[in-house]
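Asks: The chain contents come next:
There are 2 protein chains.
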Amino acid sequence: MAGKYEKTEQIYEGKAKKLYTIREYKNLLLQEFKDDATAFNAQKKGTILNKGIINCELTNYIFTYLNKKGVKTHLVKQISPTEMVIKRLKIIPIEVVTRNIAAGSLLKKTNLKEGQELSKPIVEFYYKDDSLGDPLINDSHALAMKLASEKEIETLKKAARKINKILKPFFLKRGLKLVDFKLEFGKDKNGKIILGDEITPDTCRLWDAETNEKLDKDRFRFELGNVNEAYAEVRKRITGN
Amino acid sequence: MAGKYEKTEQIYEGKAKKLYTIREYKNLLLQEFKDDATAFNAQKKGTILNKGIINCELTNYIFTYLNKKGVKTHLVKQISPTEMVIKRLKIIPIEVVTRNIAAGSLLKKTNLKEGQELSKPIVEFYYKDDSLGDPLINDSHALAMKLASEKEIETLKKAARKINKILKPFFLKRGLKLVDFKLEFGKDKNGKIILGDEITPDTCRLWDAETNEKLDKDRFRFELGNVNEAYAEVRKRITGN
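Each protein sequence line maps, in turn, to chains P and V. At position 77 of the first sequence the residue is numbered 77 (the numbering used here), and the sequence of numbers has no breaks. Count along the second sequence starting at 1, add 241, and that's the number in the numbering used here.
Chain P extracted, bound-state conformation:
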C-alpha cells in the first residue's frame, strides 16, 4: 500500500496531525495522526498513549459512516494504523462547534450550567488563528474578514446541524452522549465544501450515557486521570477494537 501512496514532502505539522503530499496524486494528501496532545492554545502539552492509532481509526470509522449517510468528507482510505489518504482541501479558517449539552467555554459566556441540555443545538464559529487564540466570531465577522460568503456560512451551519443529527444517535447507541464537537470544512478542487480534519475524543466532548463520566480530551485538559483509558474505551465502544 505504501507503494501506491508514497508520501513525499511534509507540508504541515499541527498539534495532533501532520500532512504530507503524495507522489503522483496532486489532489490527495496523507494525514498522519500523532500521540501528541495540547490544550489551552498549546500552553499545556503532553502525549496520550496510542492516540494516533485510536484517532485515525475513529476518524476512518466515523467519516465512513457519515459518507454512507450522505455527508461528503475528505476521507479516501486508511492506509496504516496512523495514516489516511485524504482529498486535498482549501481549509476554511473557521472551526464550527456544535453543542447539545452545556460544557466547556460555553459556561463562560452564558448563564447555562454544565450538563444542561440545550433545547436546540448551539452552533458557533471560531476564527482559526493561533495568535488571536481562536476567538469566537459571528457571521458578520466571517463576512468582514472574507473567510466565507453568506451562502457558504449557511452551508457550514446546515452541515454542522446535519452531522449532529447523524452523530448524536450514533454515539448514544454506543453508550456515549455527544456533548459538543468541533468540525473543520474545506473546499475541494471543484470548490465544493466538504468535511475535513477529524472526529475523535480530541474534537468531541463525549460523556458516558449512564454516569456522565467524561471520556474525551477534558481528562487531559483538566488532569482528571485515566486519559489513555478513556480514549481506549471510546475506541472499544465505536470500533470494537
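Worth flagging that the hints you see were computed from the coordinates, not collected in a lab. Using N, Cα and C, we set each Cβ at its ideal position, and we do this for glycine too. Each hint should be verified, as a subset may be incorrect.
Unchecked claim - Below, a list of computed lysine-lysine pairs in the BS3-like style, where the Cα atoms sit at most 30 Å apart: (1) P:177 <-> P:146; (2) P:108 <-> V:428; (3) P:187 <-> V:403; (4) V:275 <-> P:157; (5) P:146 <-> V:409; (6) P:151 <-> V:403; (7) P:44 <-> P:15; (8) P:26 <-> P:69; (9) V:398 <-> V:354; (10) V:433 <-> P:120; (11) V:354 <-> P:151; (12) P:15 <-> P:236; (13) P:158 <-> V:387; (14) P:165 <-> V:392; (15) P:120 <-> V:399; (16) P:151 <-> P:34; (17) P:182 <-> V:354.
As the list claims (entries may be wrong) - Examples of chain P residues lying across from chain V (beta carbon under 7 Å, computed): (18) 123; (19) 137; (20) 149.
To be verified - Pairwise CB distance ranges, derived in the manner of DEER restraints: (21) V:251 <-> P:42: 21 to 29 Å; (22) V:256 <-> P:107: 38 to 46 Å; (23) V:291 <-> P:44: 48 to 56 Å; (24) P:69 <-> V:413: 50 to 58 Å; (25) V:465 <-> P:41: 27 to 35 Å.
Following the hints, put chain V in place on chain P, whose structure we already have.
Replies: Structure of chain V alone, referenced to chain P:
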C-alpha cells in the same frame, strides 16, 4: 415641570445613569445622566466634566431625530439638564453593537486593522452580564438562554442596521465618523421592541472626519487626554451648545 413628573423611588443605578419611578405614571420612568465614567468592566473609574448634561442633551437630540426618521425610542421628553422621562421598558439583556470601521475589541478577534473600513457593517450581540464581563454571543446562544426569540433577534439586527443607516450620515454632516456604537432595546407595555438607553460619546466611537481624532470615551479609557474637551466638542457639533 418637576411637579408634573415627580420622581419617587430609585430603582436602578448603573455606571452612567440612574432610573427612578415617577408618581402617577406607572409606564414611565425618569432617566438621570451622571458625570461618572467607568471602563473595562468598571475596573477603571472617574468622572467627566458635564458628561451628565452633555449626554442627556445628546440623547434627547438624537432620539428625537431618530423618531422623526421612523425609529421608535423610549424618549418621552427631557425635563431638566440631566433628566429625561422615558417609557418603561423590559430591557432585552443584549447589547447590540454595530461597526462601520474596525476599532476596539474587534481588533482582538479578527485580523482587521484599526481604521479599516468594513465593506458591510458588522453587527454583534453582547450578553449583558457583569459577572461574565458582557461576553460576545451569537444568535444561537441568545436563543438557548431565551434572551430573545428568533424573530426578535432578526428585529434587533434590522433595527441596528436601520439606525446605522440614519446615524452614519447624521454624524458625517457634523464632521464625525460613526466608527461603532452600542444600542439597547426593550419591550414596551404592548410587547413592541423599541430603542432604549442612550446614544452618546459613552456608547459611540466618534472620530473627527478629517483628522480621525478620537472624540469619545476612548479618550477616557486609554488616557488620551482632553476627555472633557472631546465631549464638549461633540456636543457643540451636534446641538450647537
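Asks: Evaluate each hint against the coordinates.
Replies: Okay, the hints, checked on the actual structure:
| no. | hint | result |
| --- | --- | --- |
| 1 | P:177 <-> P:146 | violated, 35 Å |
| 2 | P:108 <-> V:428 | holds, 27 Å |
| 3 | P:187 <-> V:403 | violated, 35 Å |
| 4 | V:275 <-> P:157 | violated, 44 Å |
| 5 | P:146 <-> V:409 | holds, 23 Å |
| 6 | P:151 <-> V:403 | holds, 23 Å |
| 7 | P:44 <-> P:15 | holds, 11 Å |
| 8 | P:26 <-> P:69 | holds, 28 Å |
| 9 | V:398 <-> V:354 | holds, 24 Å |
| 10 | V:433 <-> P:120 | holds, 25 Å |
| 11 | V:354 <-> P:151 | holds, 25 Å |
| 12 | P:15 <-> P:236 | holds, 24 Å |
| 13 | P:158 <-> V:387 | holds, 22 Å |
| 14 | P:165 <-> V:392 | holds, 24 Å |
| 15 | P:120 <-> V:399 | holds, 23 Å |
| 16 | P:151 <-> P:34 | violated, 35 Å |
| 17 | P:182 <-> V:354 | holds, 28 Å |
| 18 | 123 | holds, 5 Å |
| 19 | 137 | holds, 6 Å |
| 20 | 149 | violated, 12 Å |
| 21 | V:251 <-> P:42: 21 to 29 Å | violated, 50 Å |
| 22 | V:256 <-> P:107: 38 to 46 Å | violated, 25 Å |
| 23 | V:291 <-> P:44: 48 to 56 Å | holds, 51 Å |
| 24 | P:69 <-> V:413: 50 to 58 Å | holds, 53 Å |
| 25 | V:465 <-> P:41: 27 to 35 Å | holds, 31 Å |
The structure is inconsistent with the numbered hints 1, 3, 4, 16, 20, 21 and 22, although it conforms to all the rest.
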